[in-house]
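One letter stands for each residue in the lines below.
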Amino acid sequence: MVTYLSLIVLLPLAAIASKAFSDGFGTFWDAVSQPQAVAALKLTVICSLIVVAINAVMGTLIAWVLVRDEFPGKGIVNSVIDLPFALPTIVASLTLLTLYGKDSPFGIDAAYTKAAVVIALLFVTLPFVVRAVQPLLLSLDRDMESAAESLGAGRARIFRQIVFPNLAPGIAAGVALAFARALGEFGALVLISGNVPYKTEVASVFIRGQIESDNIVGAAAVSVVLLAVSMTLLAFVNLIQKWGLRHER
Amino acid sequence: MSLSSSNKSKRSIQALLLLALIAFGAIVVGCGSSDDDGGSGGSGGDKVQLVAYSTPQTAYEEGLEPAFNETDAGKGVSFSNSFGASGDQSRAVEAGQPAGYVNFALETDVTRLVDSGQVSKDWQDNKYKGIVTNSVVSIVTRPGNPEGVKSFQDIIDKDLEVVTPNPFTSGGARWNIMAIYGAAIHDGQTPDQALDTVKQILSQAPVQPASARDALQAFVGGAGDVLISYENEAIAAQNADQDVDYVVPDSTILIEQPAAVTVDAPKSATDFLDFLWSDEGQKIWAEQGYRPVNKSLVDESKFPTPKDEFTIAEFGGWDKVADEFFDDKTGSIAEVEKELGVSTEG
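These protein sequence lines map, in sequence, to chains A and B.
Numbered per this note's numbering, the first sequence spans residues 763 to 1011.
Numbered per this note's numbering, the second sequence spans residues 39 to 384.
Worth double-checking, as some hints may not be accurate.
The calculated BS3-like cross-link candidates involving lysine-lysine, where the alpha carbons are at most 27 angstroms apart (straight line), are [to be verified]:
no.: 1; chain 1: B; residue 1: Lys305; chain 2: B; residue 2: Lys159
no.: 2; chain 1: B; residue 1: Lys367; chain 2: B; residue 2: Lys188
no.: 3; chain 1: B; residue 1: Lys237; chain 2: A; residue 2: Lys864
no.: 4; chain 1: B; residue 1: Lys237; chain 2: B; residue 2: Lys321
no.: 5; chain 1: A; residue 1: Lys876; chain 2: A; residue 2: Lys864
no.: 6; chain 1: B; residue 1: Lys333; chain 2: B; residue 2: Lys159
no.: 7; chain 1: B; residue 1: Lys188; chain 2: B; residue 2: Lys167
no.: 8; chain 1: A; residue 1: Lys876; chain 2: B; residue 2: Lys237
no.: 9; chain 1: B; residue 1: Lys367; chain 2: B; residue 2: Lys167
no.: 10; chain 1: B; residue 1: Lys196; chain 2: B; residue 2: Lys345
no.: 11; chain 1: A; residue 1: Lys876; chain 2: B; residue 2: Lys376
no.: 12; chain 1: B; residue 1: Lys113; chain 2: B; residue 2: Lys188
no.: 13; chain 1: B; residue 1: Lys376; chain 2: B; residue 2: Lys165
no.: 14; chain 1: B; residue 1: Lys367; chain 2: A; residue 2: Lys804
no.: 15; chain 1: B; residue 1: Lys376; chain 2: B; residue 2: Lys167
no.: 16; chain 1: B; residue 1: Lys237; chain 2: B; residue 2: Lys376
no.: 17; chain 1: B; residue 1: Lys113; chain 2: B; residue 2: Lys376
no.: 18; chain 1: B; residue 1: Lys367; chain 2: A; residue 2: Lys876
no.: 19; chain 1: B; residue 1: Lys188; chain 2: A; residue 2: Lys864
no.: 20; chain 1: A; residue 1: Lys804; chain 2: B; residue 2: Lys196
no.: 21; chain 1: A; residue 1: Lys864; chain 2: B; residue 2: Lys159
no.: 22; chain 1: B; residue 1: Lys167; chain 2: A; residue 2: Lys804
Here are some, though not all, of the chain A residues that point toward chain B, as calculated from beta-carbon distances under 8 angstroms [stated by the list, open to error]:
no.: 23; residue: Pro797
no.: 24; residue: Val800
no.: 25; residue: Asp831
no.: 26; residue: Lys864
no.: 27; residue: Val952
no.: 28; residue: Asn957
no.: 29; residue: Val958
no.: 30; residue: Tyr960
no.: 31; residue: Lys961
no.: 32; residue: Val967
no.: 33; residue: Gly971
no.: 34; residue: Ser975
no.: 35; residue: Asn977
Hint data in this document are derived by calculation from the structure and do not stem from the laboratory.
Treat the numbers as computed from the prediction; the structure is a model and nothing was measured.
All C-beta atoms, glycine included, are put in the ideal place defined by N, C-alpha and C.
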């Protein structure tokens, strides 16, 4: 178990970190503080935050509908949720370009803008929150809600004080996964984001450029920053989960 | 809840692994391990392990390899083909991917293998200086060239939207930049003015796709008024029934695509390279949209030589140009992109 984890996860992570710092901290800092890297990281983090905020709300709503409502074709919808995982990301990029590009059948031309980055990320990260919240909703004891209702609580209050605290850990877990995924996404973005440095170039495309320029240390350095941002959010989510846990008891 | 929490951290680590893999692969390359066993072409000598950039795939598989098998030297020779982005392919070979014959979009991708000892230092000591095909940087337009574009300067004068790949992710995109730069120099501009011209054209690019193929995809998908690309890409697009036209500017750069055999390649790889340089091989290249390096075989009706054709040698060769223009921190193009970014931010 330990060996497996080391080979698959710890070793690669350690290798990136050691590569990033292989020429000393000064080189690392130069690589991550150069304006093009900063712009790419900023765009990536901001878009990812917007994406997970939308996911938190929409993902919970979708999970709610899938668990609490009955409608024809529910089984199909339920299985469609996971398709963004199954589709090769480059195909997703191509499809989104057709739908939301210049020849969009809906008249939405978002291609090569920051909005395109958000749309593509929304697509690939959709399943995370839905799938994390669904089991919690299923196991949620509906008697609690009935009891609250009979005691005179309104729907909003039931949601705020009974349902939400029970779902919060799931939402948080889904958000954390979606965020990590969004930070590193490459394939789904590469065709539909403009890749224009300083404007629509995301971190993963910037890293690609560093590798293409034979600047492996720079590529590793920017990756380490992405890892650090993910770690920070994961720690934050752990805090929220503890808070959720307290409310559960 | 502990279950969900451990599950969560496990899966998020998986997501992070994506990043891990990118850099891990990079580290393997960084170590510069050249695997002698893997690099050998095999003792059989009847198999050519071909590693090349992506655009000539059709040319090899449907034209050149079958034709080589018809020759005396090529009888019974089999091929294992690997195609991909030029830089990636070169780095893969450096890291140990078996290769007998290599063909890249940029000379620096061969130089990398010379540095690692996998390609002989004298790979350019032949009639065509290691170059197996030529092309020119051209301007791809909508059908019928409605804007009447004839030169790079026209893109500025007519204020057109242009698609050109990101020069940092696409090695090939660097030919485009040097074509614009060189044409400006030949028009009498100083180096600073020429860089301003490049800057102006980049500022008219709403999208800088990651590779030449992505750029073509974006253009065909409706982005931009014109696309800057290789002539052979434009011809390939037309052969694939894409509705585009192209113009070869009077003043543009000659693209030179290098090929070499590795030091421990079997004789069949050398035979194959010789075949590619033969009249027969060069004619097949021409059918596929590449300009023959043997000038006597260039069909002027299909491949008119631009009035003012220049080469990368004029700017000191790729090694110098890569440093001076495309270094990601100190290069003048990095500087240009930075100025563009700053001026439009906020």
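To test your reading of the hints: which numbers does this structure violate? 2, 4, 7, 9, 12, 13, 15, 17, 20, 21, 22, 24 and 25
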